[in-house]
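K.L.:
Chain residues, written in single-letter form:
Protein chains: 2
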Amino acid sequence: MTKYKFVVTIALAMLTGIRGAAGPSSDAASAVRSYCDSHQAAILREFAELLAIPNVASDAVNIRRNAALISSMMERRGIAARLIEGKGSPVVFGELRKPGATRTIGIYAHYDGQPVDPATWTTPPFKPTLRTGSIESGGAIVEFPKPGEKAGDEWRLYARSASDDKAPIVALMAALDALKASRIEITSNLKFFFEGEEEAGSIHLEELLRRNKQLLDADAWICADGPVHQTRKQAVFFGCRGVVSATITVYGANRGLHSGHYGNWAPNAAMMLAKLLASMKDDSGRVLIAGFYEGIEPLGEDEKRAIREMPDSDAQLMREYGMAAAEGAGKSLAELINEPSLNVDGMRSEDIGAQARNIVPPEATATVDMRLVKGIEPARQLQRLIAHIEKQGFHVVKETPSQEMRLKYPRIARVTSGDGYQAARTPMSLPICKQVIKAVEESTGSRPVLMPVLGGSAPLAVFASVTGIPQIGVPIVNHDNNQHSSNENLRLKNLWDGIVVLAGLMTMK
Amino acid sequence: MTKYKFVVTIALAMLTGIRGAAGPSSDAASAVRSYCDSHQAAILREFAELLAIPNVASDAVNIRRNAALISSMMERRGIAARLIEGKGSPVVFGELRKPGATRTIGIYAHYDGQPVDPATWTTPPFKPTLRTGSIESGGAIVEFPKPGEKAGDEWRLYARSASDDKAPIVALMAALDALKASRIEITSNLKFFFEGEEEAGSIHLEELLRRNKQLLDADAWICADGPVHQTRKQAVFFGCRGVVSATITVYGANRGLHSGHYGNWAPNAAMMLAKLLASMKDDSGRVLIAGFYEGIEPLGEDEKRAIREMPDSDAQLMREYGMAAAEGAGKSLAELINEPSLNVDGMRSEDIGAQARNIVPPEATATVDMRLVKGIEPARQLQRLIAHIEKQGFHVVKETPSQEMRLKYPRIARVTSGDGYQAARTPMSLPICKQVIKAVEESTGSRPVLMPVLGGSAPLAVFASVTGIPQIGVPIVNHDNNQHSSNENLRLKNLWDGIVVLAGLMTMK
Numbered sequence: 001m002t003k004y005k006f007v008v009t010i011a012l013a014m015l016t017g018i019r020g021a022a023g024p025s026s027d028a029a030s031a032v033r034s035y036c037d038s039h040q041a042a043i044l045r046e047f048a049e050l051l052a053i054p055n056v057a058s059d060a061v062n063i064r065r066n067a068a069l070i071s072s073m074m075e076r077r078g079i080a081a082r083l084i085e086g087k088g089s090p091v092v093f094g095e096l097r098k099p100g101a102t103r104t105i106g107i108y109a110h111y112d113g114q115p116v117d118p119a120t121w122t123t124p125p126f127k128p129t130l131r132t133g134s135i136e137s138g139g140a141i142v143e144f145p146k147p148g149e150k151a152g153d154e155w156r157l158y159a160r161s162a163s164d165d166k167a168p169i170v171a172l173m174a175a176l177d178a179l180k181a182s183r184i185e186i187t188s189n190l191k192f193f194f195e196g197e198e199e200a201g202s203i204h205l206e207e208l209l210r211r212n213k214q215l216l217d218a219d220a221w222i223c224a225d226g227p228v229h230q231t232r233k234q235a236v237f238f239g240c241r242g243v244v245s246a247t248i249t250v251y252g253a254n255r256g257l258h259s260g261h262y263g264n265w266a267p268n269a270a271m272m273l274a275k276l277l278a279s280m281k282d283d284s285g286r287v288l289i290a291g292f293y294e295g296i297e298p299l300g301e302d303e304k305r306a307i308r309e310m311p312d313s314d315a316q317l318m319r320e321y322g323m324a325a326a327e328g329a330g331k332s333l334a335e336l337i338n339e340p341s342l343n344v345d346g347m348r349s350e351d352i353g354a355q356a357r358n359i360v361p362p363e364a365t366a367t368v369d370m371r372l373v374k375g376i377e378p379a380r381q382l383q384r385l386i387a388h389i390e391k392q393g394f395h396v397v398k399e400t401p402s403q404e405m406r407l408k409y410p411r412i413a414r415v416t417s418g419d420g421y422q423a424a425r426t427p428m429s430l431p432i433c434k435q436v437i438k439a440v441e442e443s444t445g446s447r448p449v450l451m452p453v454l455g456g457s458a459p460l461a462v463f464a465s466v467t468g469i470p471q472i473g474v475p476i477v478n479h480d481n482n483q484h485s486s487n488e489n490l491r492l493k494n495l496w497d498g499i500v501v502l503a504g505l506m507t508m509k
Numbered sequence: 001m002t003k004y005k006f007v008v009t010i011a012l013a014m015l016t017g018i019r020g021a022a023g024p025s026s027d028a029a030s031a032v033r034s035y036c037d038s039h040q041a042a043i044l045r046e047f048a049e050l051l052a053i054p055n056v057a058s059d060a061v062n063i064r065r066n067a068a069l070i071s072s073m074m075e076r077r078g079i080a081a082r083l084i085e086g087k088g089s090p091v092v093f094g095e096l097r098k099p100g101a102t103r104t105i106g107i108y109a110h111y112d113g114q115p116v117d118p119a120t121w122t123t124p125p126f127k128p129t130l131r132t133g134s135i136e137s138g139g140a141i142v143e144f145p146k147p148g149e150k151a152g153d154e155w156r157l158y159a160r161s162a163s164d165d166k167a168p169i170v171a172l173m174a175a176l177d178a179l180k181a182s183r184i185e186i187t188s189n190l191k192f193f194f195e196g197e198e199e200a201g202s203i204h205l206e207e208l209l210r211r212n213k214q215l216l217d218a219d220a221w222i223c224a225d226g227p228v229h230q231t232r233k234q235a236v237f238f239g240c241r242g243v244v245s246a247t248i249t250v251y252g253a254n255r256g257l258h259s260g261h262y263g264n265w266a267p268n269a270a271m272m273l274a275k276l277l278a279s280m281k282d283d284s285g286r287v288l289i290a291g292f293y294e295g296i297e298p299l300g301e302d303e304k305r306a307i308r309e310m311p312d313s314d315a316q317l318m319r320e321y322g323m324a325a326a327e328g329a330g331k332s333l334a335e336l337i338n339e340p341s342l343n344v345d346g347m348r349s350e351d352i353g354a355q356a357r358n359i360v361p362p363e364a365t366a367t368v369d370m371r372l373v374k375g376i377e378p379a380r381q382l383q384r385l386i387a388h389i390e391k392q393g394f395h396v397v398k399e400t401p402s403q404e405m406r407l408k409y410p411r412i413a414r415v416t417s418g419d420g421y422q423a424a425r426t427p428m429s430l431p432i433c434k435q436v437i438k439a440v441e442e443s444t445g446s447r448p449v450l451m452p453v454l455g456g457s458a459p460l461a462v463f464a465s466v467t468g469i470p471q472i473g474v475p476i477v478n479h480d481n482n483q484h485s486s487n488e489n490l491r492l493k494n495l496w497d498g499i500v501v502l503a504g505l506m507t508m509k
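Just so you know, the sequences run in chain order A and B.
Read left to right, the first sequence gives residues 1 to 509 (the working numbering).
Read left to right, the second sequence gives residues 1 to 509 (the working numbering).
Looking at chain A on its own, in the form it has when it is part of the complex (with noise of 0.2 Å):
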């Protein structure tokens, strides 16, 4: 027995060691805490009738409606709320300042969501629907907890933007709320940037910053979307990946055309697109466009050091989402996001089992996304993209290409684009980037997983190309909550968790 006792020391010595020393949470979390284990139920009310709000950017009377709760319920805390307007979606605004406080924090979410496919949910998206547990472990649907009771920290609240990005807006009021309630007092002026068409790729965000620049100062912007690490443990970013998508359509012929009539005569769209798609990376996943992977601004020592340091999560993600293999040739997951990246969206192509018709596609679309990393901007990589599509062959073009055009080119593709955001990194060595890992560590008794950037892309990156303005991601909602996919959902404990966090920053020395 004394052998084995003496292994697992060390070993529980050893994980200490490389995630940092663990202590116990401080008073202010205990708290905070304590405040959300007996306001479970006014906490999920609230947060639920906000998420029975249709958010999807494009529907502008909805975004409208929640911009509208938002700022009443940012009014309730005593936050002077606005509106900012631009372009697009509204921006709520608000500020609460603390006398005498020599430090702003910014914190920013985003209160709308990704459009929906009801068909493919299991309840309505827009009904929010709590559950013993996730719909693939089998979790029941249950009550809302009433006054005094509590949920199980396993239950998870489904509803699209349960995670992506409401949850933080929910839980900066209940943490404001706790904080009140146990007389403790914020140590900073903050400032609320709520954005509403993120989803939508933030398209007149650069401008809403620009025009109403004095208004963002802060010593740091806190970005509160994306899910903590995959082995639940709290993570602090510190940048993230820029994006670009681009919609590329091929042309057959100018109709839909009987296979058996004109089939292997006529060429047929979608194996057009088929063999343009394939030839953008190769089985390993790498991307073949040139140049892709051109022009990377390297990663400092602390940032390798920090990627070295993540726990690896590989094995028990290939489980969780049943996956035999990897892409990546071998690297790890925590590398690849550290490098620029093509996924396909989507493709569509006339229609498929029960619904084909026997005819030759005249038309096949797929969107596409790039990942973008420091030094590669989001107009040269989609250049190298439409350039890579021309050396396949095709005429590229912005519009619907004419009759003309068609008896001209064998090959023609559509290529049409927004423009995307650029990466950003703010550098981990920063005082206000030790402050912040400090007040996340002493909320949650043990040292996040430090991230260098975030996989997936967020305005953050707009701001700090705007501002120049310190940029940290402190994201609280689970990894395994279907963002961006049906059945979007938020795991509880996340929940409190994240409560708790936001209290710590809001309160941090």
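Think of the hints as simulated: they come from the structure by calculation, not from any bench.
A few of these clues could be false.
Partner residues are not named here, just some residues of chain A that face chain B (Cβ under 7 Å, in silico) [unchecked claim]:
| # | residue |
| --- | --- |
| 1 | F126 |
| 2 | P267 |
| 3 | N268 |
| 4 | M271 |
| 5 | A278 |
| 6 | A325 |
| 7 | L333 |
| 8 | N343 |
| 9 | E350 |
| 10 | A356 |
| 11 | R357 |
| 12 | T400 |
| 13 | Q403 |
| 14 | L407 |
| 15 | G456 |
| 16 | S457 |
Which stretches of chain B does chain A cover? Using the computed rule of at least three CB atoms under 8 Å from a CB of chain A, they are [as the list claims (entries may be wrong)]:
| # | segment |
| --- | --- |
| 17 | 346-352 |
| 18 | 401-409 |
Computed from a prediction, not measured in an experiment: that's the story for all the values here.
The beta-carbon is built from N, C-alpha and C at its ideal position, and this holds for glycine as well.
Based on these hints, arrange chain B on the given structure of chain A.
P.N.:
Just chain B, lined up with the frame of chain A:
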């Protein structure tokens, strides 16, 4: 002038030589044509009534309404009509005896149509609409003619199955009316067989034919399906390609994952499908599946000659369809339809454009159809396809994979398929074939285009294999009818010509 006149005369003589001797059409043909001229309104009214009933094979209620209307149309012409019931849609069968006739001619058509996506139709698919020309050429909507009025020859009737394949049913009825009005008697016993699930793959046809074999006894079966030649010349065909379709689904992770956090690490099902499809054909359109072209039963000398003599309409079609290039490495369309083919009918993976989400698609599906020629059975070609998919590293299954299977195999493809049907080819030299060719020639006044096989597939092949009776195709509809696609239509001149041709068959010597 003399010189030029001479050249023109020679050219005309050459054309006549190539396409067979032209002569005036028969007296019977003139009488039928004159009847059509004065009864257009009534014929089109009856046609529109039939087209207004939705006819997708899976819609059992409306399929029976179609069958009931067709039965009553037949009974009005003195045909003893009945429904032959099987597992699927009923067959509408009828007989018209000619006392003393020593020959029996069966005529096949089908009353069901391809599935429709109403959103892609200019006018609703089951609201028959008359236009002054094709939509592509700017044809305007016009009223149906009133009794005594005439429609333009280039006018088009738009509706699902206006061509494929309710047109021959209506034309046969009109032909019988015209013959009766002109006091011209039929010369053979006639059998009518109108199928109700051809577009659903005629999956129950073989069993139904076997159970009713003596009913089908005839000297020949005429298949009134498919379009006339693209030069608008009347065609006669003697076989058709077979077909077998397959739906292929490939799998990535067991859910849609955020492309920023997991892209280029989690396998992308859309890219996997693109690579799989791309592996199936080379850039010239040649199928790369091992053995795909093996076992083809060679064409006879008369068939080869018929192919050589077919008018070359490839350049005209490419202009019409907006194609700058064709597949087939320089082979003509007429040659290519005598080869097996593989066509992607459609593919789907998540969403595109404004509906695209930044996720790694968990699934991607394509439906392909493979056309078959004599010597290659459906099951054999399907097996070659599956072997090819396996050779690309996929574990091929019939059901949705379990979590356990996902963790075992990096690549899984689910392949589902119907039985398809085989190709058929009746020897062109049979006496009955010559009689039919002569009857068509007398109706139209010129030698028809003779096609050893039609590119499309027809239940003709099932008739051939079950009955062993010669099968001859006499199509009547225009090739540019958007068959199987949106905005299906019939050019009215094809209807009037078709009535004359079918009347000619019913009165052939």
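K.L.:
Are the hints correct? Go through all of them and say.
P.N.:
To see whether the hints hold, each was checked on the structure:
no. : hint    : verdict
1   : F126    : 16 Å, violated
2   : P267    : 6 Å, holds
3   : N268    : 6 Å, holds
4   : M271    : 5 Å, holds
5   : A278    : 4 Å, holds
6   : A325    : 4 Å, holds
7   : L333    : 5 Å, holds
8   : N343    : 4 Å, holds
9   : E350    : 3 Å, holds
10  : A356    : 4 Å, holds
11  : R357    : 5 Å, holds
12  : T400    : 12 Å, violated
13  : Q403    : 5 Å, holds
14  : L407    : 5 Å, holds
15  : G456    : 3 Å, holds
16  : S457    : 5 Å, holds
17  : 346-352 : holds (count 7)
18  : 401-409 : holds (count 5)
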